[in-house]
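One letter stands for each residue in the lines below.
2 protein chains.
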Amino acid sequence: MKKGTLYGVGVGPGDPELLTIKAVRILREADAVAVPDTGSGDKAALAIAQSYIAGKELILCPSPMSGNRREADACYDETAKILAERLSNGDNIAFITLGDPSVYSTYCYIQKRVAAMGFETQTIPGITSFCAAAARLGESLCEGKEPLVIVPASSMKPEAWIGLPGNKVLMKAGGKMPALTAALGRIDADIAAVTNCGMEGESVARGAEELDASAGYFSVIVVKERH
Amino acid sequence: MKKGTLYGVGVGPGDPELLTIKAVRILREADAVAVPDTGSGDKAALAIAQSYIAGKELILCPSPMSGNRREADACYDETAKILAERLSNGDNIAFITLGDPSVYSTYCYIQKRVAAMGFETQTIPGITSFCAAAARLGESLCEGKEPLVIVPASSMKPEAWIGLPGNKVLMKAGGKMPALTAALGRIDADIAAVTNCGMEGESVARGAEELDASAGYFSVIVVKERH
Chain A
1 MKKGTLYGVG VGPGDPELLT IKAVRILREA DAVAVPDTGS GDKAALAIAQ SYIAGKELIL
61 CPSPMSGNRR EADACYDETA KILAERLSNG DNIAFITLGD PSVYSTYCYI QKRVAAMGFE
121 TQTIPGITSF CAAAARLGES LCEGKEPLVI VPASSMKPEA WIGLPGNKVL MKAGGKMPAL
181 TAALGRIDAD IAAVTNCGME GESVARGAEE LDASAGYFSV IVVKERH
Chain B
228 MKKGTLYGVG VGPGDPELLT IKAVRILREA DAVAVPDTGS GDKAALAIAQ SYIAGKELIL
288 CPSPMSGNRR EADACYDETA KILAERLSNG DNIAFITLGD PSVYSTYCYI QKRVAAMGFE
348 TQTIPGITSF CAAAARLGES LCEGKEPLVI VPASSMKPEA WIGLPGNKVL MKAGGKMPAL
408 TAALGRIDAD IAAVTNCGME GESVARGAEE LDASAGYFSV IVVKERH
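Chains as they are written, first to last, in this note's numbering: chain A, 1 to 227; chain B, 228 to 454.
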């Protein structure tokens, strides 16, 4: 029997209209849709893709929320095993992921395992949260000679990125927001943030003083150098 | 009369299936489609969007190709004037742009001018060339604690970015490819490149030795740190 293919499908940052034509086609053609499930009931990727996959079988995939490496690896191994069984039976599976599958996604850990088990995988790119945030702000991220640095803000101290050349996008600030807002208040740059871009409860802040220290996982902060 | 809105529409990097549902809707609803035109006959954004805008009026916008600042500003001023006249008449105009409008696009220069003239503008994000290249390679761009640096390779010397922390995406290498391939041959990193991603003549290179020193504007090079 022909083995199935695993598709990593980026569903974008929030607005269901920001899926690509290709993502929608792959979701519709798939035999089942795999959904990262942290057990907390918050399945953001599923909420975004919902209208395109009505009636489709869902495969809930154990997904880690803590930073514990061993626990995370166990989750990914378990997910790869579940998916491999279905792919062996010839099913094509679409694994949905927030934003783009190549930018800080769980999918990359799953893809490596499933590919190493001999299955075909294919990635369908998605709109990143930072492109959507820039669009919402009506701002560019980088122009001309400016580099752009994407910073995983929960695991990099401000000292580690503040001096880097170019504009910055701070992602996944999470619990580090208080330290981050303090650091951003001290630098000379144009700062803006979008929380829950394209989702319920969307909000925009301009200037370090407007940043909400309680803003969480779904915040993107854009820091632009002044010329 | 109600003034029209200028939409900056990202059409993605090449594959017409990589437009978003929203981009297609905006293109279909627009009264006219504005197209950057460098005069060289190479209208890449138009080729990508073609199937969605059959029969639609096109507005060709003077677009600079040289790096001359004054010439570029004159082009943008002229384009803004052309668009403002149409917006004043109540027309909604979709300005199409390769990839995403917030990442090294001509649109941002136009948008600033048109907004300053009092018109409403709205940005529709697109798939970036680097997300599409990563998808094509089956590789992530950044995982966990890794930052990602987007480098405008034609205007930054290798010394200026090679030592920066994290993975790198080199864009717009253009005529700097020979110097770039030489620099990449000397560093310890995983290197892969996609040229014309999703377009005719697509090619993939893995390893610095496979890089084509003649690869041009539509090449994206991904440089990943080894851990």
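Note that these hints are calculated values from the structure, not bench results. All C-beta atoms, glycine included, are put in the ideal place defined by N, C-alpha and C. Heads up, a few of these hints could be off.
[Stated by the list, open to error] Going by beta-carbon spacing under 8 Å, a handful of chain A positions derived as facing chain B: (1) PHE119; (2) GLY138; (3) SER155.
Subject >> Interface hint for SER155(A), Cβ within 8 Å of any Cβ on chain B >> reply: holds (4 Å)
Original post:
Would the stated hint for GLY138(A) survive a check requiring a Cβ distance to chain B of less than 8 Å?
Top reply: Status holds, d = 6 Å.
Original post:
Does the nearest C-beta of chain B fall within a distance shorter than 8 Å of the C-beta of PHE119(A)?
Top reply: Check failed: Cβ of PHE119(A) comes no nearer than 12 Å to chain B, outside 8 Å.
In this structure, the one hint that does not hold is number 1.
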